[in-house]
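*Asks:* Residue-level listing of the chains:
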Amino acid sequence: MRMRGFATTATTGILVAAGLCAGARWHMLKMSGRKDLTGVKSCQTCHGRPRTVEELPWAKPRPHHASPGGLVVSPDGKRLFVALDDMDEVAEVDTVTLLVVRRSKVPGGPTGLALDPAGEHLYVTCRSGDRVAALETAMLKEVAAAPVGTAPVGIAWIPSQGSGRLVVANSVSDDVTVLSASPLASLGLLAGGREPYAVAASPDGSTAVVVSRMASLARGDEVPAAEVTVVDPAALRVVSRERLESGHLSEGICAVPGRPWTLSPILKVRNLVPITHAAQGWVVSAGVAVCDLSKGSVVELPLDETNAYFADPSGIAVEPSGKRAFIASAGANVVTVVDLARLSHWLETADDGARRGAIDDLQLSPEYVVARVPTGLNPRQVALSPDGRTLWVAERLQDSVLALDTGTLQPIGRVVLGDGGSNDPIRRGERVFARASTTFQGQFSCRSCHPDGHADGLAYDFDIDGVGRDIVDNRSLQGLAGTEPFKWTGKNPSLRVQCGPRFAKVLTRSDPFGERDLDDLDAFIFSLPPSRTRSSGPWTDAQRRGREIFFATGTTDGREIPYGLRCSTCHRPPLYTDHLPADVGTKGRADNTGLFDTPHLLGIAASAPFLHDGRAATLEEIWTVYNPKDQHGVTNYMNKIQLNDLIEYLKRL
Amino acid sequence: MTARRLSILGACFLGTLACRGRKAQVPAGSLVIAQTPVLSAASSNQRSALDARIPPGSRVILASPPLKPEDVRVLSEGLAAAGEPFVTPDGQRALFTGKKTPDGAWQIYEVLLGGGEPRALTSMPGGAASPALLADGSVVFASPVRGSEDGWFPKDPAALWALAPGGASPKRLTWGTASAADPTVLQDGRILFVSAVPPESSPPRVSLFTVYNDGTSVSPYACQHDGSGEIGHPRELPDGRITFLSRTTRSGRGGVTEMILPSRPWMSRRELLPAAVIAEPLFDDPAWDEAERVRTEPRKRPMGRISTIDIAKKSGVIFCIDVDHTTYEPRTRAARVRILAAGGGGTSRPLGEVPVHEDGSFMAEVPADVALGFEALDEAGRVVRRLPPSVWVRPGENRGCIGCHEPHGLAPRNRRPLAVKEPPVAIGLVARTGSVKRSSP
Amino acid sequence: MTKKSVAVLACAAAALVLTGPLKARSGRPAAELPFPLIERFEHFGLEQGLPAWKVHCVLADKGKVWVGTTKGLAVLEGKTFNVIGPDQGLSHSVVTALAVDPATGDLWAGTLRGLNRISAGKVETFTQTSSGLPNNVVYSVAVGKDAVWVATAAGVGRRDSRTGSWSLFDATNTLMHEPWAYAVTLSPEKLYVGIWAGGIVEQDLARGTWKEYRDPDGEFELDLAPDDGPISDISSWATWEDGILWQGSYFGVARYDGNRWKSYLEKKSPLVSNFVNFIAAKGRVAWICTDRGLTVTDGTSWATYKSAEGGGGTLEITRPGAPPERRRTATAMSNDFILGASITENEVWFATSHGLTRGILAGRNAQATGVRTTPTQGASR
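Residue numbers (the working numbering), protein chains in the order written: chain A, 10 to 662; chain B, 589 to 1029; chain C, 21 to 401.
Some hints here could point you the wrong way.
[Claimed, not checked] No farther apart than 20 Å at their CA atoms in a straight line, the calculated lysine to any residue pairs in the SDA-like style are these:
| hint | chain 1 | residue 1 | chain 2 | residue 2 |
| --- | --- | --- | --- | --- |
| 1 | C | K82 | A | A244 |
| 2 | B | K1009 | A | A227 |
| 3 | C | K91 | C | L132 |
| 4 | C | K165 | A | R246 |
| 5 | C | K210 | C | D262 |
| 6 | A | K514 | B | R889 |
| 7 | A | K514 | B | I899 |
| 8 | B | K888 | A | S446 |
| 9 | B | K656 | B | R707 |
| 10 | C | K142 | A | A227 |
| 11 | B | K1009 | A | G229 |
[Said to hold, decoys possible] Chain A is nowhere near these chain B residues, computed Cβ spacing over 12 Å in every case:
| hint | residue |
| --- | --- |
| 12 | P653 |
| 13 | G666 |
| 14 | G679 |
| 15 | K688 |
| 16 | G703 |
| 17 | E737 |
| 18 | T804 |
| 19 | G815 |
| 20 | T845 |
| 21 | P850 |
| 22 | R937 |
| 23 | P943 |
| 24 | A968 |
| 25 | V971 |
| 26 | V972 |
| 27 | R974 |
Since the hints were made in silico from the structure, they are not lab data.
Note that the structure is predicted; figures quoted are calculated from it, not measured.
Backbone N, C-alpha and C fix where the C-beta goes; we use that ideal spot for every residue, glycine too.
Please model the entire structure based on the sequences and the hints provided.
*Replies:* Structure (structure tokens):
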């Protein structure tokens, strides 16, 4: 009897289990439209995900920190103005007492600062507000504002024509706005490089120089290049564009008094070289680009040394005498001091070949680097007092500004703007993200390739999959929360796995992050909202039509689109991913697999190039070139107008 | 090969564990000092340079403040000779080279600074010397001990080995045709050691090299093109400078302390001025000569590194971005590269040839753990540049090179080598049948 | 293309009209001519550095002359031609249309494979696969205040200058009868599109509404009812300037002032040929480029330049109420098959099927290019 009961129970159990399995398979087939998901072992793969974006860390309130960014010193040297973008404030500091004497609310993420020659007006770019605000310095009150392009960062006063003009680098819309200072109004919009970032007046003050932070999109084996855009703000014209070959992460630019030069710190990327190790600048190295505007020539010179690296050079300032340049290495917590006379001497004595290859010569920098001055965490922007005696260094991730005596190169003191945020895991995570010391010889930081947590738009060849195999486009970390798994193969179920020992083995070639660092990295990366795009304002008709296409179940000629080949099946809202790998017919000669993770689409328009190896330079190419057999969704029924509408919708996400 | 030659002390594992279990306190300011007797009798059997440098009776002691000669503890108690002390970064243990009997073999010993008997960590045939510690706690050392008449290219060159904490057997790291000696671990985690450039001319040029903690990426570090004669005992100063002893004779004693700047290692070699020598606490025992002193204060552990090798593999991949990127004159364009493997007695044998692509690049899959040489051949098959067998790849290692005798201290140009668009050409790999597989495309 | 040198033209138009009496060779006052005459032609070909004989389009702008050829975009700056071709990033070697953005100075170049923006030497390409461009075959480009418009073989495209977004217009979403657009031209308020077999369509830029102008008589080749609308539904070109829309066809020319259409045919007017390739306008004067020479007119006065047998050329001037006046000219176009023209203050540049021609206007102190030009002889096509 008992045996009978056991048999009945067992049989029932087996049947129930079989039924559940069959039901699960039916469910997976129904929901995904795919029969190839044998690797899915857990309901958790698809379920247990955020159902709304409001649940995601980046959508929730987070602590704000002083995070000093832009700096500018008044003409009399008595006041230092500091942009505190995370606080929506601008601070005014007494340069003698090093105390904050005033703070002013400036909505929209105040980032870049510029003063008129009299020091009466402070002009502030508001990165998230897409505007420039003018503040009267007497009261530090906003008195005017003007809209500019998307995500303005750098700004400079150019003493051309009457009241002077302002030139603004718009980092997301890839353009440069020229404004009149009085009245504050936009005069023109000029095409910049990719992510215009910093602006300075040219040596003679007649033009503005704008450096782009990103290298332009390059196809296949093309060498990428960032750009110095020379703008004539009076004529509203781009005068010239100088290539910074393999230049990247240029966040500063300045002119050199007495010489026809501009200097821009760069990261020299070597994304085309298989990453077999990190040493010897094999992945990136730090340098400075010397752009001779009189000749239209650019020479890139190393800041690194053979066995020591100074990652993420960012802000730069040159003494009024033109003798020395100070470059903040944000990943190394160092200010590098460059003797420009020695640099000039080297340039004059070097032949063309030496100048061309200079950036790769890691023994060269002692020719002109005369000091390395330690700073606090993440020195990003620098400014010199008008007399050149004090260098101000924004220590962004410890909420302070360091004052350095440029004569002794010793600290004078610090302006304390906040508590450093050490109790905030997001802030701690950003520190981990920004520091290069966890990489072999401090060669690079996470931020080197993921500025602001975004992507550099470059594809890399990691050797773990075989030299020359599985070349993968760098993916943005913005809007990543809830979009697991990670990596193009979808092999990493969590950020902890992604950033753990595997990361150390393949990329940093060093000790892996510790447990607390990994926790903090999680907190920081998941706090990053999706990338900003140029699309804003009310929905357009094209975007609405595009949404219809995205969710279409049939073609315009009446054919049903199979469930698994609809856009919204794999790119399922709210994050526009089903968290599953898919073969969309893009396996190339160098790929070991055709199955790639389904990326989320929030902010996708800002993440060019596209597809796993970055082969699609634009969203259009995903379907016009790389979807000939409708494997990446049924799309070939669309005419060009419909495809444009679909893309307009995607740009809106 | 190693299994045949090695027999390992079973107590090694337990000894290491025991050492790690205790946290003995060492007074601040203590020094570990290697001493040789002032009136040491010359060893009757100086089989090695080490025998000359560490004569019988030499010892390793711990001196604590106030650093009185009469108040020291002998760490090498019970050994016939000991020297080359190394203090672990935690300041708890000392490693040194020692021998139990005057005619015995040099081996690596470990002793707790807080007290205890020295324990032999190794039992290497031919001896072991010059211990240092990797970030993961592995002891790196050189073995066998170089014979006094061996020169730098003996039949059985000394190699570097790593003994993991609790590891059953040491793993060989270096595979060059020249002996490897005097390893020290840099703060960035690499092993800096002394070896020699292959003898294209005589005498061989002794210089500094680095290798990662798993034996990958052997690279020249300094001294390849400046100075001459023997060098040894490299050390990294707290400010990053590298010091070493140079000797113009092989007497083994004395010499000059030189230094190089890590910022430009091939351009900065010079004598370390006395004023620049780090001031050491005063300790002087008239009965002994001091050979070396080491501080015991805890210091920063070197950077670690996760090994990239796959020991299950028998091969690695080597690619060169531009074989014509060279300092050699004339810069004749290479059409093919012949890859050589070290044979016995300084000979080499060709493994095969690999074509050079239009951009000067090539890529080959080559046998692991064997010294490889390269000959760049022109269209007519003439050798235009040559590197005798001296570098190697570890199993599963991917090794990238910038050029062929390219200038030192270069970062690669940013371009994708054509060679990496094709699978690597298999060279000299022995298939399961025992035949050579795809020796030449 | 139809808006070539808009900025320059707008400023110079009034000055040209008020230039004052031109002295004809006979010494007779020529005050009634509302346009300047060309007193001399210079030729530019391979010897001068032009990459190809066949020149599709030309645009003079602020000291530079952009020349669209079958082998790339040449730019004459100073004494030399520099060539931007596919090796420099141009999307195709055959350059078909040119326009300058007056706000930025950027040049837009249409080709047989996409559109290009040339900005301070940097070439950025837009193709039908890489962007929202309707079709790779670009016939015409016009730059407005906030957008760039292109006429392509598959409709009209509009690229928003601020957002980079593309809008497409073709037979599926406008009144266009055919998608094959040959020309786009802008007035401050309206876009005009010359459609092959579809006449002219007009968009009210503010409202986005469309209006169609078709040839009421429905005959392509005949103008059965003069002045009733577009000369033909076959639009080969359209140019708007100073309140006047000029339609070119292979069957004549039409002029539209916003109220009335006026037709011009080879047999019923001094128009040199019904086969019109291109019309450049300055003020209210059209420079009509045909397969057999150039006719300049404001609708009442006419001047026609042709090559003459045996070398040199002819100039025929027709004033209202006066018989035609014929003159021999020492120089002529390099070829009478004229594909484009660009007018500046002192000169007019012509794209022809056999070289680039510079026409120096009478009474103007045109600066020499510095290029050693080929001695001018009338050439047959």
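*Asks:* Now, for every hint given, state plainly whether the structure supports it.
*Replies:* Hints, verified against the model:
{"no.": "1", "hint": "C:K82 <-> A:A244", "verdict": "holds, 12 Å"}
{"no.": "2", "hint": "B:K1009 <-> A:A227", "verdict": "holds, 18 Å"}
{"no.": "3", "hint": "C:K91 <-> C:L132", "verdict": "holds, 11 Å"}
{"no.": "4", "hint": "C:K165 <-> A:R246", "verdict": "holds, 16 Å"}
{"no.": "5", "hint": "C:K210 <-> C:D262", "verdict": "holds, 13 Å"}
{"no.": "6", "hint": "A:K514 <-> B:R889", "verdict": "holds, 19 Å"}
{"no.": "7", "hint": "A:K514 <-> B:I899", "verdict": "holds, 15 Å"}
{"no.": "8", "hint": "B:K888 <-> A:S446", "verdict": "holds, 13 Å"}
{"no.": "9", "hint": "B:K656 <-> B:R707", "verdict": "violated, 26 Å"}
{"no.": "10", "hint": "C:K142 <-> A:A227", "verdict": "holds, 14 Å"}
{"no.": "11", "hint": "B:K1009 <-> A:G229", "verdict": "holds, 12 Å"}
{"no.": "12", "hint": "P653", "verdict": "holds, 31 Å"}
{"no.": "13", "hint": "G666", "verdict": "holds, 37 Å"}
{"no.": "14", "hint": "G679", "verdict": "holds, 20 Å"}
{"no.": "15", "hint": "K688", "verdict": "holds, 37 Å"}
{"no.": "16", "hint": "G703", "verdict": "holds, 31 Å"}
{"no.": "17", "hint": "E737", "verdict": "holds, 35 Å"}
{"no.": "18", "hint": "T804", "verdict": "violated, 8 Å"}
{"no.": "19", "hint": "G815", "verdict": "holds, 17 Å"}
{"no.": "20", "hint": "T845", "verdict": "holds, 20 Å"}
{"no.": "21", "hint": "P850", "verdict": "violated, 4 Å"}
{"no.": "22", "hint": "R937", "verdict": "holds, 25 Å"}
{"no.": "23", "hint": "P943", "verdict": "holds, 16 Å"}
{"no.": "24", "hint": "A968", "verdict": "holds, 28 Å"}
{"no.": "25", "hint": "V971", "verdict": "holds, 26 Å"}
{"no.": "26", "hint": "V972", "verdict": "holds, 21 Å"}
{"no.": "27", "hint": "R974", "verdict": "holds, 23 Å"}
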